[in-house]
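Asks: Sequences are here, hints too, so could you generate the full structure?
Each chain, written out:
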Amino acid sequence: MRFTCPHCGPRDHQEFTYRGDASAIRPDIKNTSIGDHNAYVFDRANPDGEHREIWNHTLGCRTHVIVTRNTVTHEVTVCEPIGPFKEVLS
Amino acid sequence: MSGFRLNLRDGVGSAIDGDKTISFHFDGKLYAGHEGDTLASALLANGETILARSFKYHRPRGVFSAGSEEPSALVTLRTGGRTEPNIRATEIEIYQGLEAQSQNRWPSLGFDAMAINQLAGKTFSAGFYYKTFMGPSRAGHKATNFWFFCEKFIRRAAGLGNGAKLADPDHYTRMNSFCDVLVIGGGAAGLAAADRAASTGAKVILCDERAAMGGSLNSAPDIIDGENSAEWAAEKASELADMGNVTVLPRTTVQSYFDDNTLLAIERVADHKIKPAENEPRQRAWNIRAKSVVIATGALERPIIFAGNDRPGVMLADAARRYTLEYATAPGKAVAVFTNNDTGWLAARDMARAGVIITAIIDVRSDVSDEIHAAGEESRATIHLGSAVVSTAGMRSLSGVKIANFNENTGEISDTVTKISCDCLAVSGGWSPAFHLTSQQGGKPEWDSELQAFLPGEPLQKWHGAGSMAGQFGLRKAFRSGEEAAVKALADAGLGEGESGVPSIEGDVIDHAPAPVFEIKSGGKAFVDLQLDVTADDVRLAHREGYISVEHLKRYTTLGMATDQGKTSNIAGLAIMADCRELTIPEVGTTRFRPPYTPVAIGAIAGEKYGHLAAERLTPMHDWHVEYGAHMYGNGPWLRPESYNRAGENVEQAYVREARTVRASVGIVDVSTLGKIDVQGPDAAEFLNRVYSNGFAKLPVGKARYGLMLREDGMLFDDGTTWRLDEDRFLMTTTTAGAGLVMEHLEYHRDVVWPDLKVALTSVSDEWAGVALAGPKSRDVLKACIKKCKVDDKSLPFMGVRDGEIDGIPVKIARLSFSGEMAFEVFCGSHHGLALWEALMKAGKPFDIAPYGLEALSTLRIEKGHVAGPELNGRTTPYDLGLGGMVSTKKNFIGSALVQREAFHEEGRLQLVAIKSLDGQRIQGGSHLVKGNVEEPGRSEGNSSSTCFSPELNCYISLAMLENGTKRHGEKMWAANPMRNAHVAVEIISPHMVDPDGGRMRG
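In the order they appear, the protein sequences are chains A and B.
Counting with our numbering, you get residues 1 to 90 for the letters of the first sequence.
Counting with our numbering, you get residues 1 to 1003 for the letters of the second sequence.
No wet-lab data here; the hints were simulated from the structure.
Among the clues, some could well be false.
Here are the computed lysine to aspartate or glutamate pairs in the EDC-like style, where the Cα-Cα straight-line distance is at most 20 Å [said to hold, decoys possible]:
id : chain 1 : residue 1 : chain 2 : residue 2
1  : A       : Lys-30    : B       : Glu-744
2  : A       : Lys-86    : B       : Asp-756
3  : B       : Lys-891   : A       : Asp-28
4  : B       : Lys-812   : B       : Asp-728
5  : A       : Lys-30    : B       : Asp-683
6  : B       : Lys-462   : A       : Glu-75
7  : B       : Lys-758   : A       : Asp-28
8  : B       : Lys-609   : A       : Glu-15
9  : B       : Lys-609   : A       : Asp-12
10 : B       : Lys-203   : B       : Glu-458
11 : B       : Lys-29    : B       : Asp-10
12 : B       : Lys-291   : A       : Asp-28
13 : A       : Lys-86    : B       : Glu-744
14 : B       : Lys-29    : B       : Glu-84
15 : B       : Lys-758   : B       : Asp-803
16 : B       : Lys-462   : A       : Asp-12
17 : B       : Lys-842   : B       : Glu-627
18 : B       : Lys-521   : B       : Glu-412
19 : A       : Lys-30    : B       : Asp-807
20 : B       : Lys-462   : B       : Glu-497
21 : A       : Lys-30    : B       : Glu-686
22 : B       : Lys-842   : B       : Glu-484
23 : B       : Lys-291   : A       : Asp-12
24 : B       : Lys-477   : B       : Glu-506
25 : B       : Lys-972   : B       : Asp-919
26 : B       : Lys-787   : B       : Asp-803
27 : B       : Lys-758   : A       : Glu-75
28 : B       : Lys-890   : A       : Asp-28
29 : B       : Lys-891   : A       : Asp-36
30 : B       : Lys-203   : B       : Asp-448
31 : B       : Lys-291   : B       : Asp-492
Replies: This is the structure in structure tokens:
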């Protein structure tokens, strides 16, 4: 697989670290519910097909990207920037 | 069989150079061959018949094929560190001084004592091991115990060659490459495809596993553009290699087809030399990203299965033909051909033309075309139509075969047999397209009932099949389909169509379709998988016992599970199962091929990632440590001193002395390897407050704090001290091994979870060198050398951070203690590290300062009950380690919710304790804590984690995790490690073994 890093261009996936399902949003820092945190950490849809997930370009620019990847064919359709540099990179 | 060398002439010996003689050794005996010979062809030419012993029955085996599909002739190549077992003799190019050994035989290849296994053939049938060693008791033994008793003997008796136990002196390398069109296979179809693609200026890579491009052209009788086909191929290949946009890679096997049109090829750069040239790698792994791929990997001839078909002298017909035409090696003095298709007849004719005597052609079909009959006449063989080989004869290698009348519709054989004398039987059972790469991709093969073979099916990626791999047999179709595939591949790459260059071809028009005959059922041992000794009866046994799906068949009988992945045996195995089940072959189905196509050396995969080319981080003081006798030890990516052994000391004596020095006066240790992260910004304090489980928001400037980091699931992640250098600036330290992961963890939360927090994170691990001074005299040492900073208790209290200067070097000093003694960490710019170390050593001389290594560092922290990697193992919460007090209840942080899950607070959690040895024995790491003695140990209630000899307690101690441990101090148990025969009497004690009140470090 190759991802098109918004900063570095097309790079091999071995340069990236998988950081999980992009749909999992951490509960607010003020939220103390064990149930909400449990869902954030453990509940995953495990879809058969397109999956939006976060990868970190660890051996490159170290920015995070959201990759849309097909879990069956490994086809990568979209790589979007995320984080504080989002506006600069998109 | 006894082969011999033929006279070289036009069209005979295209692969070898008859003017160049090469000598080599096989099993210690000296032989001569020619440049270009393979080990197999050279040994055949020398009249050798037995090259190997079979896996299970130790039956003598000869050469079966002429390529990478070889199941039988496996040898061990080279000696010493360059030893490589299980190499196919059919692929090795001989070189001056080559040394090869046969394998799986004792005492010798000619006489193998283990061949007695053959007599027990019934015993060793499929499923023998499962039936014997798993399941109910036998004669009072549990079956598994019986296995432990027998394993040693079985392992010795069954098997392949032995690997070298010495380091490989050669190096391997990796290469990343990109191209528009990758052409796999340099035969007629591949050359045509590469030629067509290259004509557009496209970037083309052409690989072939053999030493020369050409594939079947190297032994074809056809005339291409007025030239001998082998010469035409050589010229075309060199013409392509001369083009700037084409990379031609001989001796390069494309092994694996991955996602995104990424393919792995292994180039055998120096395997055909006695050793690689200076700085030359032995092999090179090519990671190729192709916009499109043309697969022209050809087809593999398959045998017909009959009794005694493994006798040396029985080989594939095309292999016999190739030995004759490419290597000028007659495979025998009298060759018989057994076939179910036309290619066997043409092989006979071509061999006869080169001077080989063909005694008989035996065809299961009752009728053949006039052209084929004429080819048989030309070979001057006696022709037996509607006949089949029912058995073979010979002491160790073939002396003759028996044939009977055969009904191709019913499979019935007549009772009357005819004997035919021959020392080589060339067998052709049809052709199987080599679609291994597309099968790896998950492509579903489709059965072609005309060709009686599976074809690759629909592509799942951008590849196009050409030549016989795609069912396009014969040279004319090969050239045409090669060009067609190239045009499609060029379109994938967004390029034009290029120019056609199909040459003129004069030669046979061949029908490759065989009669659907796979096995002659005449009784006796008929081998399907030659490499793993799987017989046709084994397949039928699997069927009788219910293992009828192809996946079960494969695993139950091991059919196709050898290193050749059943290249020549799969279809026959499927056909026999189909016959048992009264189904067609496609109804039985196929298994998926797995990468790699042929066995790959681990070194080629590792490439530069080992030995002196692996990344290894050294601290600025590294050379000093080495000079002063330190044994350096890997810790994460770093090398650190294990201990500074003095003359006559072993490691334990050295670390005990070093630890005593720290407790008595002062020691010095290099802590430059700690992870260091500079955290800056207006929200830096808030960020750290969310990252650590204990409070950081109110940490005053000039103070350090020990912090715990949790994962979001509540488990401990890392620990370390963080120093507040300014209102909006912190220097975080992490564990040595955790540095990279902590950085990723912080960056993730900064970027993805809380992008609104204004924080900058910079790894500064390499920018700072660090030295820790520990011991009651550590302050005196500092006092003797520090400038611009007071270090008395009032000016630099416990956990204080100050700037100062030592020997002109600006330093930061933090009063921290990992050892439990009064201690200081002194950081400076890393290029000053060695100077700082030497200045501190000099200042410490009057106090008998001694450097200490990782072992002493670990001993001191174990005695103090401080946790490290073995306790922060991803399965412990702060409460388990007695650090519950550091879990803030006044704020929320990463893991704050889930660390409060009920199960983490229930009875029975493993909790941190220490254990001390009561009987003077060393406590092994990873020992189980049990209540019983060695006879009846009982259940494991915990385990030891970090162990050492404690100079303070004068006995072996260990930190340990024990069920409800905090309530069990004083209890006596055993630390059991049956793997190392250890059962040590221990007492459970508090983990705070030294100075529990902390008076020493605060004093």
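Asks: Of the hints given before, which are not true for this structure?
Replies: 1, 10, 11, 12, 15, 19, 22, 27 and 30
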